[in-house]
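In case you want the letters, here they are:
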Amino acid sequence: MTNVALPAADTATAAQKPLPARLAAAFVSRLVIIVPYVWLLFFFLIPFLIVFKISLSTTAIAMPPYTPVLGFGDGISGFIDGLKQLSFDNYVWLTQDALYFNAYITSVIVAGISTFLTLLIGYPIAYGMARAPASLRPTLLMMVILPFWTSFLIRVYAWIGILKPEGLLNQLLLGIGVIQEPLIITNTYTAIFIGIVYSYLPFMVLPLYSSLEKMDHSLIEAAQDLGCQPIAAFWKITFPLSIPGVVAGCLLVFIPAVGEFVIPDLLGSSRTLMIGKTLWTEFFTNRDWPVSSAVAIILLLVLIVPIVFFQNAQARAQEAGR
Amino acid sequence: MNSTWSRFNITAVTLGLAFLYLPIVLLVIFSFNASKLVTVWGGFSTKWYVSLFHNQGLMDAAWVTIRVGLISASVATVLGTLGALALTRYTRFRGRMLFSGMIFAPLVMPDVITGLSLLLLFVAVGLDRGFYTVTLAHITFTMCFVAVVVQSRLVTFDRSLEEAAMDLGAPPVKTFFQITLPVIAPAIISGWMLAFTLSLDDLVVASFTSGPGATTLPMKIYSQVRLGVTPEINAACTILIGIVTAGVIAASIVNKRREVQRLRDEQAAQRG
Numbered sequence: 022m023t024n025v026a027l028p029a030a031d032t033a034t035a036a037q038k039p040l041p042a043r044l045a046a047a048f049v050s051r052l053v054i055i056v057p058y059v060w061l062l063f064f065f066l067i068p069f070l071i072v073f074k075i076s077l078s079t080t081a082i083a084m085p086p087y088t089p090v091l092g093f094g095d096g097i098s099g100f101i102d103g104l105k106q107l108s109f110d111n112y113v114w115l116t117q118d119a120l121y122f123n124a125y126i127t128s129v130i131v132a133g134i135s136t137f138l139t140l141l142i143g144y145p146i147a148y149g150m151a152r153a154p155a156s157l158r159p160t161l162l163m164m165v166i167l168p169f170w171t172s173f174l175i176r177v178y179a180w181i182g183i184l185k186p187e188g189l190l191n192q193l194l195l196g197i198g199v200i201q202e203p204l205i206i207t208n209t210y211t212a213i214f215i216g217i218v219y220s221y222l223p224f225m226v227l228p229l230y231s232s233l234e235k236m237d238h239s240l241i242e243a244a245q246d247l248g249c250q251p252i253a254a255f256w257k258i259t260f261p262l263s264i265p266g267v268v269a270g271c272l273l274v275f276i277p278a279v280g281e282f283v284i285p286d287l288l289g290s291s292r293t294l295m296i297g298k299t300l301w302t303e304f305f306t307n308r309d310w311p312v313s314s315a316v317a318i319i320l321l322l323v324l325i326v327p328i329v330f331f332q333n334a335q336a337r338a339q340e341a342g343r
Numbered sequence: 620m621n622s623t624w625s626r627f628n629i630t631a632v633t634l635g636l637a638f639l640y641l642p643i644v645l646l647v648i649f650s651f652n653a654s655k656l657v658t659v660w661g662g663f664s665t666k667w668y669v670s671l672f673h674n675q676g677l678m679d680a681a682w683v684t685i686r687v688g689l690i691s692a693s694v695a696t697v698l699g700t701l702g703a704l705a706l707t708r709y710t711r712f713r714g715r716m717l718f719s720g721m722i723f724a725p726l727v728m729p730d731v732i733t734g735l736s737l738l739l740l741f742v743a744v745g746l747d748r749g750f751y752t753v754t755l756a757h758i759t760f761t762m763c764f765v766a767v768v769v770q771s772r773l774v775t776f777d778r779s780l781e782e783a784a785m786d787l788g789a790p791p792v793k794t795f796f797q798i799t800l801p802v803i804a805p806a807i808i809s810g811w812m813l814a815f816t817l818s819l820d821d822l823v824v825a826s827f828t829s830g831p832g833a834t835t836l837p838m839k840i841y842s843q844v845r846l847g848v849t850p851e852i853n854a855a856c857t858i859l860i861g862i863v864t865a866g867v868i869a870a871s872i873v874n875k876r877r878e879v880q881r882l883r884d885e886q887a888a889q890r891g
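Those protein sequence lines, which keep their order, are chains A and B.
Going letter by letter, the first sequence gives residues 22 to 343 in the numbering used here.
Going letter by letter, the second sequence gives residues 620 to 891 in the numbering used here.
Calculated directly from the structure, the hints in this document are not laboratory data.
Given the structure is predicted, the values throughout are model-derived calculations rather than measurements.
Careful, some of the hints might be misleading.
Said to hold, decoys possible - Here are the simulated lysine to any residue pairs, SDA-like style, with alpha carbons at most 25 Å apart:
(1) Lys235/A - Thr707/B
(2) Lys257/A - Leu140/A
(3) Lys74/A - Gly745/B
(4) Lys74/A - Val742/B
(5) Lys875/B - Gly745/B
(6) Lys235/A - Lys74/A
(7) Lys235/A - Val744/B
(8) Lys666/B - Leu189/A
(9) Lys235/A - Leu882/B
(10) Lys655/B - Leu641/B
(11) Lys74/A - Val744/B
(12) Lys235/A - Arg881/B
(13) Lys875/B - Leu167/A
(14) Lys655/B - Gly847/B
(15) Lys74/A - Gly720/B
(16) Lys235/A - Val802/B
(17) Lys875/B - Ser232/A
(18) Lys793/B - Ala804/B
(19) Lys875/B - Arg158/A
(20) Lys875/B - Ala865/B
(21) Lys793/B - Pro41/A
(22) Lys655/B - Leu636/B
(23) Lys655/B - Asn208/A
(24) Lys666/B - Ala681/B
(25) Lys74/A - Leu717/B
Taking the hints into account, I'd like the entire structure generated from these sequences.
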């Protein structure tokens with residue numbers, strides 16, 4: 022953190038200035054990094070270490086409901102004693118109970134299917150927006166972003182009224198005679214898919230739009246002039262060029278969807294096994310902090326590859342924008 | 620290319636927007652329903668709004684939520700802007716990889732993990748759960764969104780403006796406040812708004828980190844939604860939607876005016 026590279030212009034002028042001013046400037050520039058850095062270390066990184074530590078402790082019936090291990094108060098010998106007490110029981114427990122394994126698998130599958138559906142629905146929207154008259158694009162962009170500013174909970178709640186057996190969709194379909202019996206959609210995986218696609222659609226459309234909008238349309242025209250069919254031109258030119266947008270959009274949908282709690286809880290059934298819900302139940306209903314910590318650690322391990330992938334994509338985009 | 624906005628494209632955009640807006644529109648319409656059944660129209664009425672304002676629990680929760688939102692968004696904006704400056708202006712410092720990781724990871728981190736880990740931190744340091752723990756938690760996850768928004772403005776920023784100011788003898792801190800800050804102000808404002816709405820919206824992190832007496836509006840709404848759909852909740856949601864919509868539209872108008880003004884200033888400057 023200490024060897025801050027001063028911007029070129031800064032050093033050029035700094036040479037002419039008295040020492041106190043230079044020191045003050047150097048201090049301020051360091052503060053810019055140190056303040057958010059320390060905040061994130063304390064409130065983002067250290068909490069994970071604590072989760073990891075507690076996931077290795079044993080359950081106790083007390084408040085806080087776990088037996089602490091690895092205290093740093095008793096010196097090195099205490100620390101080594103603590104190491105001996107570490108237990109992987111919670112992780113063993115997770116592997117022995119099929120419930121957890123199924124929950125992880127289900128979450129990944131549900132998130133995967135939902136991400137694919139979001140891409141299928143989001144791509145034509147983003148494509149249409151990118152081809153819209155330039156004067157209309159900012160308005161369209163705002164209209165796609167606006168629902169994202171509206172509460173997540175409210176948007177999921179809105180679907181309950183539509184999808185439930187006596188809900189608006191069934192009334193409409195019964196009314197026009199398409200179906201005779203009300204469709205059972207709430208408390209099924211279909212409802213969860215609808216909820217995830219709906220809630221995360223803006224996350225998919227925005228990166229897709231920004232990569233499609235930048236695209237040089239003359240490439241398509243050139244391909245068509247050379248006799249390429251529009252659909253072939255799409256698969257040969259447009260789609261490959263939009264891959265960065267597709268990757269960013271899919272990651273932005275997939276990663277949070279795996280750990281989603283609100284959607285499976287409100288739209289799914291009580292038997293819906295998704296890991297975010299399992300963690301919530303383990304914590305709030307069963308009050309088992311060590312097991313819920315272990316669930317969180319494994320969830321993080323499941324997501325670590327897509328998260329690192331996402332970070333690299335972000336860092337690359339940032340370098341490219343420089 | 621703007622000559623050919625084909626029928627396919629128009630249909631795709633129209634259907635997409637209909638899908639995005641229809642559920643919200645229906646929710647708003649049914650908040651004015653006289654019937655207690657949320658899905659059967661029983662005539663126009665505003666009685667749910669009246670009963671809403673007499674619901675002390677909801678009102679208290681709304682007040683807690685607004686206070687948490689205002690404080691956390693403001694602190695998160697300062698921290699996030701600093702983070703964005705650190706990321707864009709200092710390309711080499713020890714631990715930069717870790718730093719950018721900690722900025723980007725919370726954007727996609729599942730809420731349940733963020734909530735659980737922060738709660739365990741608060742327990743470990745012996746902080747009583749309540750208003751302040753929710754606020755600290757919200758600062759932490761919203762500052763990263765602010766950082767990303769501000770950073771995207773900073774990378775397109777013309778550094779020669781700053782260099783010119785410093786060549787003319789302005790110290791770096793003064794340059795920042797006189798040149799840099801006004802230019803990135805729109806991004807900072809949208810960052811603040813994003814942080815505020817994310818805080819207003821959050822259920823999961825708040826549920827983990829709050830304690831007795833600090834129930835937020837989403838927590839309240841969630842506990843009632845679990846019991847079923849009621850017109851009163853529709854009314855509460857409609858008010859929230861109205862506030863957010865008005866805020867976003869106002870901000871975009873302000874931004875547009877500033878943008879127009881900036882372009883004019885730049886043109887005037889170029890003419891000399």
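Structure-based check of all given hints:
1. Lys235/A - Thr707/B: holds (23 Å)
2. Lys257/A - Leu140/A: holds (18 Å)
3. Lys74/A - Gly745/B: holds (16 Å)
4. Lys74/A - Val742/B: Roughly 13 Å between the alpha carbons, so the hint for lysine 74/A and valine 742/B holds.
5. Lys875/B - Gly745/B: violated (47 Å)
6. Lys235/A - Lys74/A: violated (47 Å)
7. Lys235/A - Val744/B: Answer violated: lysine 235/A to valine 744/B is near 49 Å, above 25 Å.
8. Lys666/B - Leu189/A: holds (22 Å)
9. Lys235/A - Leu882/B: Roughly 22 Å separates the two Cα atoms, so the pair holds.
10. Lys655/B - Leu641/B: holds (21 Å)
11. Lys74/A - Val744/B: holds (14 Å)
12. Lys235/A - Arg881/B: Given that 25 Å is the threshold and the Cα spacing comes to 23 Å, the pair holds.
13. Lys875/B - Leu167/A: holds (16 Å)
14. Lys655/B - Gly847/B: holds (12 Å)
15. Lys74/A - Gly720/B: Holds, at roughly 21 Å.
16. Lys235/A - Val802/B: holds (24 Å)
17. Lys875/B - Ser232/A: Within the cut-off at roughly 23 Å; holds.
18. Lys793/B - Ala804/B: holds (16 Å)
19. Lys875/B - Arg158/A: With Cα atoms ~14 Å apart, lysine 875/B and arginine 158/A stay inside 25 Å; holds.
20. Lys875/B - Ala865/B: holds (15 Å)
21. Lys793/B - Pro41/A: holds (16 Å)
22. Lys655/B - Leu636/B: Answer violated: lysine 655/B to leucine 636/B is near 29 Å, above 25 Å.
23. Lys655/B - Asn208/A: Measuring from Cα to Cα gives roughly 23 Å; hence the hint holds.
24. Lys666/B - Ala681/B: holds (19 Å)
25. Lys74/A - Leu717/B: holds (21 Å)
Figure legend: structure checked against the earlier numbered hints; hints not met, in rising order: 5, 6, 7 and 22.
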